[in-house]
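In order, the protein sequence lines correspond to chains D and C.
For the first sequence, the residue numbers in the working numbering are 10 to 121.
For the second sequence, the residue numbers in the working numbering are 70 to 179.
No lab work stands behind these hints: they were computed from the structure.
Please read all numbers here as calculations on a predicted model, not as lab measurements.
Check the hints yourself; a few may be wrong.
Claimed, not checked - A partial selection of chain D residues facing chain C, derived with a Cβ cut-off under 7 Å:
1. G105
2. F112
3. Q114
What the hints assert, rightly or not - Here are some chain D residues the structure puts well away from chain C; computed CB gaps all over 10 Å:
4. H14
5. N72
6. S76
7. I84
8. K88
9. R117
10. V121
Glycine included, every Cβ here is placed at the ideal spot set by N, Cα and C.
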Amino acid sequence: SQTIHQWPATLVQPVGSPLSLECTVEGTSNPNLYWYRQAAGRGLQLLFYSVGIGQISSEVPQNLSASRPQDRQFILSSKKLLLSDSGFYLCAWSVGHGTEAFFGQGTRLTVV
Amino acid sequence: QKEVEQNSGPLSVPEGAIASLNCTYSDRGSQSFFWYRQYSGKSPELIMSIYSNGDKEDGRFTAQLNKASQYVSLLIRDSQPSDSATYLCAVYQGTYKYIFGTGTRLKVLA
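Please construct the entire structure, taking both the sequences and the accompanying hints into account.
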């Protein structure tokens, strides 16, 4: 069966520090991969999605970037965090077109 | 106009009652529709998917889709206190993107 791993679960980082969040999927090949952010009390905002290795689509211009170095690995990065980057970051995967998407456990990031 | 709209609630129902959650979407080309449940502090969990007009039942849950009215709903029968959560409606727009509503908070009162 397919599983998705996302780490770390919680993170407290100072303003201006770098960020690297990692997500891996097991049990499937060539998944579509997604990064969402959920601010406190808000909906899910799509940040990036990828349909293949090295293919990244950005939805929201900001100081975040994403990379997909391997088929089942998706990384979210920032060179310098802002206070506004605080939130709940969720990785998700799906296969094909329009099928169900499944989420990882999420990373709660607090920028101080 | 928001792409996927939901009433934020809270929607309060007594235990054992039917909870009715609604969602409207703006893109007529949307192809697939999903309901997720999110407990406080946790990630969203898929509970229902629906792809064609009509009703789809799974246990206590029924999803209803009306593409002409651009409307999706979720009915929860015999609501339990453990159903208390935020319910997110999601729409697949055919370009690999899943767009989410802001969610409806459901409270089931014991």
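What hints, given by number in increasing order, does this structure fail?
Numbers 1 and 9 - these are the hints that the structure violates, sorted from lowest upward.
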